[in-house]
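Put chain B on the given structure of chain A with help from the hints.
The listed protein sequences correspond, in order, to chains A and B. Numbering-wise (this note's numbering), the first sequence opens with residue 59 and increments by one. Numbering-wise (this note's numbering), the second sequence opens with residue 22 and increments by one.
Each hint should be verified, as a subset may be incorrect.
Simulated coverage check for chain B against chain A, where a stretch passes if three residues somewhere in it have a Cβ under 8 Å from a Cβ of chain A [claimed, not checked]:
#, region
1, 60-70
2, 181-193
3, 219-232
4, 235-244
5, 254-263
6, 285-297
Computed cross-link-like contacts, SDA-like style, restricted to lysine to any residue with a CA-CA straight-line distance of at most 20 Å [to be verified]:
#, chain 1, residue 1, chain 2, residue 2
7, A, K285, B, T157
8, A, K342, A, N300
9, A, K285, A, G129
10, B, K246, B, A266
11, A, K315, B, T236
12, A, K315, A, L377
13, B, K289, B, R255
14, A, K312, B, T236
15, B, K199, A, F330
16, B, K305, B, V270
17, B, K241, A, R365
18, A, K285, B, S156
Since the hints were derived computationally from the structure, they do not count as laboratory data. Backbone N, C-alpha and C define an ideal beta-carbon position, used for all residues, glycine too.
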Amino acid sequence: MKPNDLTFEHSNVQTLVHAQNLHKHFGNNHAVDGVSLQVKAGEIYGLVGSDGAGKTTTMRLLVGALLPNAGEINICGYDVAKQVEMARSTIGYLSQRFSMYEDLTVLENIRFFAEIRGLSSSEWLPRSMEILEFVGLAKFIDRRAGLLSGGMKQKLGLASALVTRPRLLLLDEPTTGVDPVTRQDFWQLVVKLVANREGEGVSVIISTPYMDEASRCHRVGFMKAGKIIAEDSPSNLRTRLNNRILELRGTPLKSLKQIAIQDEDVEEAAAFGDKLHLRVKEGKSNIVIARLQKQIESQNLNLISLREIPPTLEDVFILLTEFNHD
Amino acid sequence: MTEPVISVKNLTRRFGDFVAVDHISFDVQAGQIVGYLGPNGSGKTTTIRMLLGLLKPSDGSATVLGYDVFKQAEEIRARVGYMSQKFAIYDDLTTLENLTFYGGVYGITDKARINSTLELVGLNGHEKTLTRELSTGWRQRLSLAIALVHQPKLLFLDEPTSGVDPTARRAFWDLIYKLAEDGVTILVTTHYMDEAEYCERVGVMRDGKLLAMDTPTNLKTSIIKGDVWEVYARPLEKGLEILSALAGVERVGLAGDHLRTISQRVEKEAMQTLLISNGISVDKIERGEPTLEDVFLSLAR
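Next comes chain A alone, as it looks inside the complex (with noise of 0.2 Å):
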C-alpha cells in the first residue's frame, strides 16, 4: 500500500489544504511522520485511527498551533509558516477540549470569540444571529452556557468556530460523548454547511476514531502511528473488500467459530456479539458458504444464516492494518 497516492484532477475546484511531507515529533515519538494531506473545497474530510495515532498533532500542525519539523502546509493560499495570522483568519478550529465561559450567556460567549478574532461590533452581532439560527440556539442566545445539555453546548462550540465565517473548518473529535440523536443534528449541520456554502467553497475535516462517523466523511484518510496508511472515499475503501465478508449467525457460536477459521477459505473471524464476520479469500463465498453450510449441518449445529454482506470501513481497516498490530 503505497501512502498519499492519490491523483487530483485539477479542476476549477480549488483545493483548500495543501500540507506536503509533516513531520512532528516529541522528544523520540514521531507523532506526525510524513503526512500529506490535500483537501478540496465542498469536502468533508476525516482524519480516523485510534487516541496518539497522530490526529490531534496534524490538526494543530495545520492550524498553526504547532511548528513541524519538516513540510510545508499552504491554507487557502497562505503559508503556514510564513502567514501565520492570514492562515489562520480563514479557519475555524473546534478542539476536543473547547472551552467556554459557563457563567456568560450564549450570545456573550459568541461575542467574546467574534471580538477575540477582531469582528467589529456592527459585524459580530449579525453574523452571529444568523450561526445561531444556523446551528439552532436563536432562541437560547440569553441562556447561561453552564446551563445548556451537552448536545446545546456542542452547537455553541461549533457556532463560535464559525463566527467569523472560515473556509476551513477543523473539528477535533467534536461528538465524543453525544447522544446519537444530537450527533446526527451535528451532522446535518455540516453537512449543510459544506453543502449550502458550495459557492463559497467550505472545507471541513474532522477526527474520529469511531468507523460510523467516518463513513460519513467524503473521503478518510486511516491514520496509524503518525502516517495515512490509506485515503480514499467511504465508497471505495469498502469496494476493496467487496464480496469477502460473510455474516454468519448460529448456535454455538464458538463451535461455528471453530468451523469457520478452519475454512482454507476464510481469513480472518470476528465474533460480533450475536454473530461471525468472515472474510473470505476474493471469488470464493459461494464457495465457502456452501461448504460451511454443509459442515455445520453435519456437525448437527444451528445455522441461523450465512449471506454476504456490505464490508463496513471496520473490516477495511483492520484489513489494512491486520500487519502492523500495535
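Here is chain B on its own, set in the frame of chain A:
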C-alpha cells in the same frame, strides 16, 4: 434456567425532582455479554452505581450474584470487577507495579495470580514497561487486568475501548469473549455504536428509561421495519427534500457524500425516477444495512 447473575425489577433512582433511572427491569444470565447503550446523562452510570451497591435505589429491587443491592452491598463489591475509562493508572509505575498495587487493594498478594492475570490480557513481556509509554489500547488491557485480578464472576466495563481503532478494539473484545466463555458475566456501558455491536444483547437507555433490550440483530429487525438505501445523488439537500416527501419514506439523513433513507415498500426505481424528474442527478442507489444508530434514532424519536 439457573438464577440470573443480575436481576433488576422496577429499579428507580431520583435526585430531587430528577428521575435519573426510571423503573427499569432486566435480567442477565451467567456468561452473557450485555451492552447498556445510551448517551452521557441517560442513567447508565447511575444504574451501575446502584448495582454496585454504591447508591441506594429510590424504588424497585435488584440482586447481583444473588445478593440484594440494598442489604448486601459489600458482598457484591467483593465479587465484581469494575473497569472505568477514568480509572487511575499510575503513569510512573510499570504495568507489573500497577497490577501488584491494585491486587494489594483486594488483598491479592499471590505473585502467580498477578502474573497469570497479566498473561491473560496479553501484557506478559511488558511487565517492566512504564505505563505512560503504553498506547491507549494497551492501557485499556492493563485496566482490564486490574479489574480481573481478584477473579470476579461479574465484570462491569465502562466504555472499555473508547478512543482506539478497530484493530485494537477487536483484539480487546476477543479477550472479553474469552472471559465470557469461562463463565464471567459482563455488563458494558457505552455510548458508542461501534462498541455496542460487539455485545450479545444491548439495552437502549434514554432519559432514565430502558427503551428496549435484545440482541443487536433482533433490535435491528424488530425496530427497523423498512429497507435502508444509500442514495448517491446531487445536489444533496434538494434530494433530501424530495425524498422526505415521498410516501413510504420514514427517514432521510445526510450521510456525508450521499443520502441514507429508511423506507417501506419504496422501490429503488421509484426513488431514482422521482429524483431525476426533479432535475437531480443520481449516481447510484445501493442497499444498506440497518445500524444500532438507526435503532437508537427510531426509539428516541
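Going down the list of hints, with the structure as the test:
{"no.": "1", "hint": "60-70", "in the structure": "holds (count 4)"}
{"no.": "2", "hint": "181-193", "in the structure": "holds (count 9)"}
{"no.": "3", "hint": "219-232", "in the structure": "holds (count 6)"}
{"no.": "4", "hint": "235-244", "in the structure": "holds (count 3)"}
{"no.": "5", "hint": "254-263", "in the structure": "holds (count 3)"}
{"no.": "6", "hint": "285-297", "in the structure": "violated (count 0)"}
{"no.": "7", "hint": "A:K285 / B:T157", "in the structure": "holds, 17 Å"}
{"no.": "8", "hint": "A:K342 / A:N300", "in the structure": "holds, 11 Å"}
{"no.": "9", "hint": "A:K285 / A:G129", "in the structure": "holds, 14 Å"}
{"no.": "10", "hint": "B:K246 / B:A266", "in the structure": "holds, 19 Å"}
{"no.": "11", "hint": "A:K315 / B:T236", "in the structure": "holds, 18 Å"}
{"no.": "12", "hint": "A:K315 / A:L377", "in the structure": "holds, 19 Å"}
{"no.": "13", "hint": "B:K289 / B:R255", "in the structure": "holds, 16 Å"}
{"no.": "14", "hint": "A:K312 / B:T236", "in the structure": "holds, 17 Å"}
{"no.": "15", "hint": "B:K199 / A:F330", "in the structure": "holds, 13 Å"}
{"no.": "16", "hint": "B:K305 / B:V270", "in the structure": "holds, 18 Å"}
{"no.": "17", "hint": "B:K241 / A:R365", "in the structure": "holds, 16 Å"}
{"no.": "18", "hint": "A:K285 / B:S156", "in the structure": "holds, 16 Å"}
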